[in-house]
Amino acid sequence: MPQPFSRDEVLVAIRDLSFGWGDRKIFDNVSLDIPRGKVTAIMGPSGTGKTTLLKLIGGQLQPHRGSIHVDGLNVHRIGLSELYELRKRMGMLFQSGALLTDISVYENVAFPLREHTRLPESMIRALVLMKLHAVGLRGARDLMPGQLSGGMARRVALARAIALDPMMLMYDEPFTGQDPISMGILVKLIHDLNKELGLTSIVVSHDVGETSAIADYIYMISGGEIVGQGTPDDIHGSDSAWIRQFMQGEPDGPVPFHYPALDYESDLMGIHSE
Amino acid sequence: MNVLDPMRSAVLGLFQRLGHETLKSLRKLGRGHLFLVHVLSGMAYLARRPRLVSGQVYSVGVLTILLIAVSGLFVGMVLALQGYNVLSDFGAEESLGVMVAASLVRELGPVVTALLFSGRAGSALTAEIGLMKTTEQLSGMEMMAVDPVKRIVAPRFVAGLLSMPLLAGLFTAVGVMGGYFVGVGLLGVDQGPFWSQMQAQIDFHDDAVNGFIKSLVFGVIVTWIAVFEGYDAMPTAEGVSRATTRSVVHSAFAVLGSDFVLTALMFGD
Numbered sequence: 055m056p057q058p059f060s061r062d063e064v065l066v067a068i069r070d071l072s073f074g075w076g077d078r079k080i081f082d083n084v085s086l087d088i089p090r091g092k093v094t095a096i097m098g099p100s101g102t103g104k105t106t107l108l109k110l111i112g113g114q115l116q117p118h119r120g121s122i123h124v125d126g127l128n129v130h131r132i133g134l135s136e137l138y139e140l141r142k143r144m145g146m147l148f149q150s151g152a153l154l155t156d157i158s159v160y161e162n163v164a165f166p167l168r169e170h171t172r173l174p175e176s177m178i179r180a181l182v183l184m185k186l187h188a189v190g191l192r193g194a195r196d197l198m199p200g201q202l203s204g205g206m207a208r209r210v211a212l213a214r215a216i217a218l219d220p221m222m223l224m225y226d227e228p229f230t231g232q233d234p235i236s237m238g239i240l241v242k243l244i245h246d247l248n249k250e251l252g253l254t255s256i257v258v259s260h261d262v263g264e265t266s267a268i269a270d271y272i273y274m275i276s277g278g279e280i281v282g283q284g285t286p287d288d289i290h291g292s293d294s295a296w297i298r299q300f301m302q303g304e305p306d307g308p309v310p311f312h313y314p315a316l317d318y319e320s321d322l323m324g325i326h327s328e
Numbered sequence: 002m003n004v005l006d007p008m009r010s011a012v013l014g015l016f017q018r019l020g021h022e023t024l025k026s027l028r029k030l031g032r033g034h035l036f037l038v039h040v041l042s043g044m045a046y047l048a049r050r051p052r053l054v055s056g057q058v059y060s061v062g063v064l065t066i067l068l069i070a071v072s073g074l075f076v077g078m079v080l081a082l083q084g085y086n087v088l089s090d091f092g093a094e095e096s097l098g099v100m101v102a103a104s105l106v107r108e109l110g111p112v113v114t115a116l117l118f119s120g121r122a123g124s125a126l127t128a129e130i131g132l133m134k135t136t137e138q139l140s141g142m143e144m145m146a147v148d149p150v151k152r153i154v155a156p157r158f159v160a161g162l163l164s165m166p167l168l169a170g171l172f173t174a175v176g177v178m179g180g181y182f183v184g185v186g187l188l189g190v191d192q193g194p195f196w197s198q199m200q201a202q203i204d205f206h207d208d209a210v211n212g213f214i215k216s217l218v219f220g221v222i223v224t225w226i227a228v229f230e231g232y233d234a235m236p237t238a239e240g241v242s243r244a245t246t247r248s249v250v251h252s253a254f255a256v257l258g259s260d261f262v263l264t265a266l267m268f269g270d
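From first to last, the protein sequence lines stand for chains A and B. So our numbering is basically just the index in the first sequence, starting at one, shifted up by 54. So our numbering is basically just the index in the second sequence, starting at one, shifted up by 1.
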């Protein structure tokens with residue numbers, strides 16, 4: 055498939071990536087580019103390995119074949135200390151938020167600053183309050199993670215992810231299980247942060263409406279391959295039956311309603327064909 | 002069809018399972034040792050953050066004190082009762098102090114403390130680390146360029162290591178007091194020989210130091226198993242529950258097995 059971006063535009067370059075869990079193949083020879091300064095969405099049904107792709111980009115998983123370059127560095131070839139340096143420039147927002155449950159909201163956002171910088175406490179306080187203010191939760195700084203709603207936890211995690219001013223942010227299913235207001239807030243935050251901080255964002259999601267509203271470019275993944283790519287308009291106008299079924303949420307189509315099974319009648323009659 | 006065929010395949014299946022389980026155990030043992038090396042590599046990181054260790058000493062050690070003290074008291078009291086029954090048959094009640102102290106310093110102090118410690122603190126460590134893995138907290142830390150083994154596991158490991166000998170010492174001291182209350186207070190053993198024989202017969206190097214070494218070794222074993230099982234747990238509710246059970250069961254086997262080896266090395270002639 056032709057790569058739509060020039061070399062200088064690309065921040066993350068994935069080439070011929072293959073990966074699987076045991077015998078189950080997740081990616082088969084996948085190549086894709088993530089452009090700098092844009093919001094790129096990776097969409098597909100549950101279980102297609104979208105989260106796995108983020109973990110591969112972050113160097114938490116090792117591909118079976120192929121390479122992933124982030125800002126010119128081969129994530130799986132560099133040493134551990136270089137990988138950790140690279141991760142300081144990558145933020146990731148986990149689906150659960152992944153906040154540390156034994157410390158407050160304030161301490162969660164201060165965590166990366168305390169670990170990686172030697173800033174004085176007054177500076178840390180100012181930075182934490184600024185980041186929390188950006189996500190609208192400055193007033194919640196003394197709460198514990200257990201006291202937050204799902205949407206608030208994700209916003210705190212977002213404040214923590216931007217604490218070190220990364221060059222890119224990866225969002226793992228940011229809209230899943232959110233009420234409409236939280237969803238609206240997250241959509242706005244992802245869009246605004248990307249624009250104002252000059253970030254590169256990768257949003258993994260299966261929420262069609264929200265994702266295509268903020269994405270500059272979309273990759274559709276299914277069955278371990280890229281089945282479609284383009285701007286949101288390209289994707290909406292696609293004549294692929296699979297993409298149409300996914301985008302419009304049709305219950306039957308190229309992805310069948312029924313899980314593969316024996317012939318219904320034979321199954322009911324107890325006739326097993328060998 | 003040959004009648005021996007089903008039997009042959011059953012035997013082959015048995016060997017296959019045996020081989021599979023052996024390889025799985027060996028692989029886990031290897032992972033556990035690599036994990037220990039990783040934990041030990043976090044000591045320099047901890048040296049710059051001593052507060053991480055002191056916080057864990059509180060939850061791993063201080064919160065276990067009550068359990069250890071109460072258990073030590075009762076074990077010492079039971080030892081005195083049982084010992085008195087046997088010793089009085091030989092008219093040697095005055096040796097009750099030595100018997101109670103020797104049993105506690107050499108064996109019961111380190112062993113029972115390790116077993117209680119594994120049930121109270123070890124299982125909590127496994128469940129805590131396992132749940133942090135399940136809720137992606139460890140993964141999130143990795144993505145923030147913070148090594149969770151150094152930040153989360155190493156302080157807990159060091160806290161276990163520091164706490165175990167102190168708790169075993171407490172268990173022994175309270176146990177001796179329990180023995181004293183029952184022996185001298187209830188059964189009427191003369192307190193002069195109770196203490197003086199204890200002082201004369203219990204050797205600092207042979208008994209106290211060896212008991213201390215045992216408690217230190219058990220501390221390493223129990224805490225290592227606990228943190229490794231938590232870190233290696235399947236990130237599901239069932240996975241964490243199984244890991245917690247394994248942590249306590251494996252710790253008990255490892256403590257009792259290594260106690261035999263250590264006793265043979267220290268006290269065997």
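Keep in mind that a hint or two might mislead.
[Stated by the list, open to error] Label pairs and their calculated CB-CB ranges:
{"id": "1", "chain 1": "A", "residue 1": "Gly307", "chain 2": "B", "residue 2": "Val38", "range": "49 to 55 Å"}
{"id": "2", "chain 1": "B", "residue 1": "Leu30", "chain 2": "A", "residue 2": "Asn83", "range": "43 to 49 Å"}
{"id": "3", "chain 1": "A", "residue 1": "Pro308", "chain 2": "B", "residue 2": "Phe16", "range": "43 to 49 Å"}
{"id": "4", "chain 1": "B", "residue 1": "Leu35", "chain 2": "A", "residue 2": "Lys249", "range": "42 to 48 Å"}
{"id": "5", "chain 1": "A", "residue 1": "Glu63", "chain 2": "B", "residue 2": "Gly56", "range": "55 to 61 Å"}
{"id": "6", "chain 1": "B", "residue 1": "Gly31", "chain 2": "A", "residue 2": "Gly190", "range": "31 to 37 Å"}
{"id": "7", "chain 1": "A", "residue 1": "Lys249", "chain 2": "B", "residue 2": "Thr237", "range": "34 to 40 Å"}
{"id": "8", "chain 1": "B", "residue 1": "Asp207", "chain 2": "A", "residue 2": "His130", "range": "32 to 38 Å"}
What the hints contain is simulated information worked out from the structure, not anything from laboratory work. Note that the Cβ used here is the ideal one computed from N, Cα and C, for glycine as well.
- Violated hints, by number in ascending order, as checked against the structure: 2, 5, 6, 8
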